[in-house]
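> Here is what each chain is made of, one letter per residue.
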Amino acid sequence: MGSERRELMKALGARLRVLRTEAGLTGAVLAQRAGVGQPSVSKVETGRMVPSLDVLDRLSRALGLDESTRRELRDLLAAVMAAADSGSTSDDSTGTGATVDEAVRSARLVRSFQCVVLPAMLQSAEYARHVFESAPASTPEAVGRAVAARVDRQSVLYEPGRESVFVLTEAVLRTWPGTPALMLAQLDRLLAVESLSTVRLGVIPWRRPVPVLPRHGFTLCDQRAVVVETFDSERVSTDTEELAAYQETFTHFERAAVFGSEVRELLLLVMKEFRDLGDPLTP
Amino acid sequence: MLTKWCRAFQGLPEEVPHARHFVASLLADRGPVDDAVLVESELATNALRHTLSGSDDGRFFVIVGLGDDVVRIEVIDQGGELVPHLCHATDREEGGRGLRLIAALAKNWGYTVWRDGRSVWAELARASA
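Chains A and B, in that order, give the protein sequences. In terms of our numbering, the first sequence opens at residue 59 and continues consecutively. In terms of our numbering, the second sequence opens at residue 48 and continues consecutively.
The following block holds chain A by itself, in its conformation from the complex (with noise of 0.2 Å):
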């Protein structure tokens, strides 16, 4: 199967270079021209290197391509991302995060754990937004793109033939950004996707001994690929050492986790105390 989504990379690849040639533009242009650095112009030409979706759409536009060539470089770009892939390939995929998108999308079984904010499934449109505010020189722009994006990839939750297990620290549902009031919203929203059949919701309790805390959260998709989620960046990896770590390290918090009723009656607590906050927080 590796082999498969390389030489579906590379079909790409030469798709792409055909009309870069054809627009009569050279590499370093291209890449000038849709805001990529050259050396990734080259990569993705070679095969080397799976382009987010944003930058191929980055790269349909400067080579001015009509909307039906520009689908069919996505539906090539959809293809790589279906091919099961063997091999070990990070991607950084900051832009709308299309690779960690097939990863979850893809997956039976999701398995995230986390320890500083919500889980990017869970979290509603302006936790989301607060998120990816806060990197440096955001563009409201961007940062409208990559809630969208975001909440489009929640409709996983509602899908039958899915299931996902999220274990969080208590810690993460005392954690708010801007008001109070927004996080009644969210405890809210935890409260209904616990709710569901195809949802497993546990939290460690604060007075729980834990191992050791990942500065990051991490999703498990499948036994196939791990998505490492730093604070408001997310990148895939499918290599099998740092699977098998990710794996054994979800166990341990699994195992130190309460579920259903327990967490419904911890989630009311911590509403209750969120109401009771003094004026001094809510800026």
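Quick caveat, the hints were computed from the structure, so don't treat them as lab data. Be careful, since some hints might not be right.
[Unchecked claim] Partial chain A-side listing against chain B, Cβ under 7 Å, derived:
no.	residue
1	Val174
2	Glu184
3	His188
4	Phe190
5	Ala239
6	Ala243
7	Thr288
Each residue gets a CB set at the ideal place from its N, CA and C atoms; glycine is no exception.
Start from chain A and add chain B according to the hints.
Same frame as chain A, but now just chain B:
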């Protein structure tokens, strides 16, 4: 404009490392992590030592404000009799030396006192990414 992230902590000494973890995680690799963690540690320790936050069922709150070129670390405690103050280096009280350290690291720092709590904050420069 600052994007603010708040977290509530139990008023226990073992929560101070968790507060450091919170600050370091939010800054990822793109801010004055070491200074911010140091500042946070001093402020949280002061809150536990000198205010009601350190009593049974006490709480303290950490607010991390993220701006394009500034990081603001703020700790809100549950108040007490003492007012935050700088000590002379010869003073025995360690909390005050913490504030002296913060004054040296920060671009700006200050505090607000109200009836049942206080906020102590410090601002650090955030290098552009």
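> Run every hint past the structure and note whether it holds.
Results for each hint:
no., hint, verdict
1, Val174, "holds, 4 Å"
2, Glu184, "violated, 12 Å"
3, His188, "holds, 6 Å"
4, Phe190, "violated, 9 Å"
5, Ala239, "violated, 13 Å"
6, Ala243, "violated, 16 Å"
7, Thr288, "holds, 5 Å"
Violated hints, in rising order: 2, 4, 5, 6; the structure is consistent with all others.
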